[in-house]
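S.K.: One-letter residues, chain by chain:
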Amino acid sequence: VSGFPVGPLLVLASLAALSSGCALRLAPPPGARVASLRVSDALLEGDATRRASLRLVLQGLGEDENGRAPAARSSYERAIQLDPNNPYAYLALARHEVDAERWRRALEALDQAELLFASESAPGADAHIAGLRGAARFGTGYGDEAELLLDRATRIAPEVWADGRLSADELR
Amino acid sequence: VSGLPRKPTRKTAKTRSRGGAGRPRLRRWLKTAALAVGSAGFVAGFAFAGYVVRLDRSVRERFDGERFRVPSRVYSAPSILYPGLDWKLVDLEGTLLRLGYRKVATTGELESGRYLWSPSRLRVQLRAFDHPSRPEPPHDVVFVLRGSQIEEIRELPAGRELGAVLLEPEPIGAYYGPDREQRELVWLEEVPRHLVDAILAVEDQRFESHHGIDPRRIAGAMLANLRAGRVAQGGSTLTQQLVKNFFLTPERTVRRKVQEGVMALLVEARYDKREILQAYLNEIYFGQRGATAVHGVGEASRLYFGKTAANLGVAESALLAAIIQSPNGKSPYRDPERAVERRNLVLELMHRQGRISEAALQRARQEPLRLAAVTPDSGDARYFLDLLQRQLASSYSSEVLETEGLRIYSTLDRRAQRIAADALREGIESLEKRYSRLRSEDPRRALQGCIVALRPQTGEVIALVGGRDYSVTQFDRCSQARRQTGSVFKPFVYIAALEPRPGGPIATLASFVDDSPLEVRTPSGPWRPVNFDHKFHGPVPLREALERSYNTATARLAQDVGIERVIDVAKRMGISSDLPAVPSLALGTAIVSPLEVARAYATLASGGVRPEVQAAEDLVNEEGEILQRRRLRFERVLDAGTAFLATSLLQGVADHGTAAGLRAGGLRGPIAAKTGTTTSEHDLWLVGYTPELVAVVWLGYDEPRSLGIPSSQGALPIWRRFVQDLTGGEIRGSFRPPPGVETADIDPRSGALASWGCPERRSEYFLAGTLPVLTCPAGGVAGTRREPAEREEVERGFLEWLRRQL
Chain A
1 VSGFPVGPLL VLASLAALSS GCALRLAPPP GARVASLRVS DALLEGDATR RASLRLVLQG
61 LGEDENGRAP AARSSYERAI QLDPNNPYAY LALARHEVDA ERWRRALEAL DQAELLFASE
121 SAPGADAHIA GLRGAARFGT GYGDEAELLL DRATRIAPEV WADGRLSADE LR
Chain B
1001 VSGLPRKPTR KTAKTRSRGG AGRPRLRRWL KTAALAVGSA GFVAGFAFAG YVVRLDRSVR
1061 ERFDGERFRV PSRVYSAPSI LYPGLDWKLV DLEGTLLRLG YRKVATTGEL ESGRYLWSPS
1121 RLRVQLRAFD HPSRPEPPHD VVFVLRGSQI EEIRELPAGR ELGAVLLEPE PIGAYYGPDR
1181 EQRELVWLEE VPRHLVDAIL AVEDQRFESH HGIDPRRIAG AMLANLRAGR VAQGGSTLTQ
1241 QLVKNFFLTP ERTVRRKVQE GVMALLVEAR YDKREILQAY LNEIYFGQRG ATAVHGVGEA
1301 SRLYFGKTAA NLGVAESALL AAIIQSPNGK SPYRDPERAV ERRNLVLELM HRQGRISEAA
1361 LQRARQEPLR LAAVTPDSGD ARYFLDLLQR QLASSYSSEV LETEGLRIYS TLDRRAQRIA
1421 ADALREGIES LEKRYSRLRS EDPRRALQGC IVALRPQTGE VIALVGGRDY SVTQFDRCSQ
1481 ARRQTGSVFK PFVYIAALEP RPGGPIATLA SFVDDSPLEV RTPSGPWRPV NFDHKFHGPV
1541 PLREALERSY NTATARLAQD VGIERVIDVA KRMGISSDLP AVPSLALGTA IVSPLEVARA
1601 YATLASGGVR PEVQAAEDLV NEEGEILQRR RLRFERVLDA GTAFLATSLL QGVADHGTAA
1661 GLRAGGLRGP IAAKTGTTTS EHDLWLVGYT PELVAVVWLG YDEPRSLGIP SSQGALPIWR
1721 RFVQDLTGGE IRGSFRPPPG VETADIDPRS GALASWGCPE RRSEYFLAGT LPVLTCPAGG
1781 VAGTRREPAE REEVERGFLE WLRRQL
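Those sequence lines, one after another, are chains A and B. Everything in the first sequence is counted per the working numbering, starting at 1 for the first residue and increasing by one. Everything in the second sequence is counted per the working numbering, starting at 1001 for the first residue and increasing by one.
Hints in this document: simulated from the structure, not taken from any laboratory. Just so it is clear, the structure is predicted and the values come from calculations on it, not from any experiment. A portion of the hints provided could be inaccurate.
What the hints assert, rightly or not - Partner residues aside, some chain A positions facing chain B, computed with beta carbon under 8 Å:
| no. | residue |
| --- | --- |
| 1 | A48 |
| 2 | I80 |
| 3 | N85 |
Stated by the list, open to error - Which bits of chain A does chain B cover? Going by a derived footprint, with three or more residues having C-beta under 8 Å, they are:
| no. | stretch |
| --- | --- |
| 4 | 66-77 |
| 5 | 102-111 |
| 6 | 115-122 |
Claimed, not checked - Chain A side only, calculated, beta carbon under 7 Å to chain B, not exhaustive:
| no. | residue |
| --- | --- |
| 7 | A52 |
| 8 | R55 |
| 9 | L56 |
| 10 | L82 |
Every residue gets a Cβ at the ideal spot worked out from N, C-alpha and C, and that includes glycine.
Produce the complete structure using the sequences and hints provided.
M.R.: In structure tokens form, the structure reads like this:
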């Protein structure tokens, strides 16, 4: 082992990997445009508990869409009861809180959603998290920061965030 | 002069009386007597009027004021059923029975609250759930089953597939006043006519026509009693019964009977029949359920049939009416055959009085007796109810909770609660059997324990058992006791060391800590911590120090970090008790409650977000308005990366450290845990969490004395049994590293970064930017934080090496 030129080989291999990664763009860089995230797209993922929890999130979004806010919130809470690590439930709850202009609660739910999405593969989550955070920051009086966040959301998912808001139907 | 009347002298009077002037004297006597009688009559009349006025005032006060003290009722969280769920594990049929659902054998249209088994199918007519913000309509659903799993759920008749179905929350208890009366108020409009008819047929068939007293009934009763030679029949009307229950004692005296009659007349004069009937339906006594008195048809319908009064059928109504006369003596649970006989008698009476048709009579007579399963008393949830009451105390006094009939929807998971209660009870009993010295003859001095389980992300209390037996002692050892924590406090020291700070954290998971003799000067003299095994182990990896729960290494790390910083971490994570800034704090000398410990560990399980401990979801008043709604709060108090590193350390404790026994029963999946045994084994702890649950088990005596066993033999088996039974042995989810946490291979012997040629390696987690700077084989021991000069030297060495290679 001692005679083997380990060091130069390692460096070369690293450089090769780096250059091929750049060329192929295996993962979208942060801020790149991706398909908008929808809860229904995730329905086939995860185990039975996650799927049932997602169904409850969808039910809540339907209730939000029909103006039954208390029932919607209850559905999100039930989704969390079933699967407390379901990021979609926290995202939907955050959207609900933004609609109700409860900014602090929205930001807390977004923190949870962001943390949980970080360990799941959901490329479109970034846009919604940035957009909802922007809306909540705007509500709490941080206009400049809000603008940056909303710009980011619009850049990633213009079809949803062009109007600066995320409807329950758009998240469904 | 002779014409003037002379003043009568004594003599004159005597002379006259003797003299035979009888008539005027008689008249005068009569006058006096009449006057006396008149006066007495007037006084008596006046007194009687006063008496009536007083009774009238009592009647009005009761009827116009708060008629009933209605205890607030507490419900569990609803059970959620969904495809993929193990219906046997969650005891689906048991849950249905506890909710008052009844099994039927015939197909066709199912009544609400009935279920039907057929091969691989369970059809349930789910009842509607009344809640102001989240009502559930009735559902006719069929569960398609494969083995122990629910394969799919379909709603009939359309066959639409459902993703999840909620069962209504289970009642788990109520806040009773001193009289311990339980009732569910009903309005006359919602009570079916046949229930009223059944009661009137038996208790007061001329209720609509009399004025509070029924002379015909009294005469009939007297006759019947004379014939029987004993009191065989009562002559009281429904109004009299109501008056008796509302105002009077059950003694049988003439005075009380008169009072009852007068009050009944007053009630009838002041209030209409509908009001009286409604009051009666809510007041009438239907027997005991444990220590609780069941009053009113609403509560009785729940108790005997597991349904609301509105849903009672003719036969069920007749049975309730039959019970009224002697609710405890004639309980249908005691003697079902006699209950059916009496029910049929009531049905006959109803028919004879023209209240039901011949066809209805025949139908009802054919119905078998179908009673709701006898649900156990809320005994095992009573500690939880007390915790809930304490949480609500700032907004709702006990008077309000005992009288205003609130509906409190709690976070309790009925199944988890039952499992926790069983695990604790049987766990302690098993210990006492194994170690007879732990037993005590006096139940008040017996070995105690508690178990509390939270959903870490939301802080919802899903189970809490505060002691062995609530009837012996109501002191909740989970939320009211403050006990030394022992080693379960140690993770706070490690977290404080791992947390990012300017210049980098004090330690990483690759660090080594010194487990050699330590002496710390304190105002009360030198403090020299020793290990459980009375040995010192020299420099040990950080992981091993916690996995083996080394005292000296932890105490030294706490000295490096600073006790104030350890306190800050513990407080941030949810410890609210006072923590003295003394060196021994690191080893758990502070006294805190198990609930605080649960909250602090929940912060780790939820990635550094501290939850609020919540026992209530919402409160609804009698009018169906929401009075209070909980809010989910997520407050980040710890960097997600640090929380993950701590979890990783505690996973090591569960996998191959002092809590490795957790795996002995075959528990699979992610577990992070810490054992704790205090000085002289006064307190045994096991704190453990999964991605979805945190649970704390504590064992000890109320007056501390040694148990003589470590927590791995005391608290650990109880925790394991609880989680095993709750999850079926397969724990869901995983602890995933958050962004900002990197993995790298290290040399376990030195903690240095392992490169090619390093003889041993294992993967380790690091916060970004905290990878070891030394390498194996070239590196040395990676201790705690490196000095900048040392770091520069290593960097210079690396650059030199890179230049040479290129």
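S.K.: Evaluate each hint against the coordinates.
M.R.: Tested hints:
1. A48: This interface hint holds because 2 Å falls under the 8 Å limit.
2. I80: Holds, because the Cβ-Cβ distance from I80 of chain A to chain B comes to roughly 6 Å (cut-off 8 Å).
3. N85: Nearest chain B Cβ about 6 Å off; hint holds.
4. 66-77: holds (count 6)
5. 102-111: The restraint on the stretch 102-111 of chain A holds, since 4 of its residues have a Cβ under 8 Å from chain B and three suffice.
6. 115-122: It holds: at least three residues are needed, and the stretch 115-122 of chain A offers 3 whose Cβ sits within less than 8 Å of chain B.
7. A52: Result: holds, 3 Å to nearest chain B Cβ.
8. R55: holds, 3 Å
9. L56: holds, 6 Å
10. L82: At about 5 Å, which falls below the 7 Å cut-off, the nearest Cβ of chain B leaves the hint on L82 of chain A intact, so it holds.
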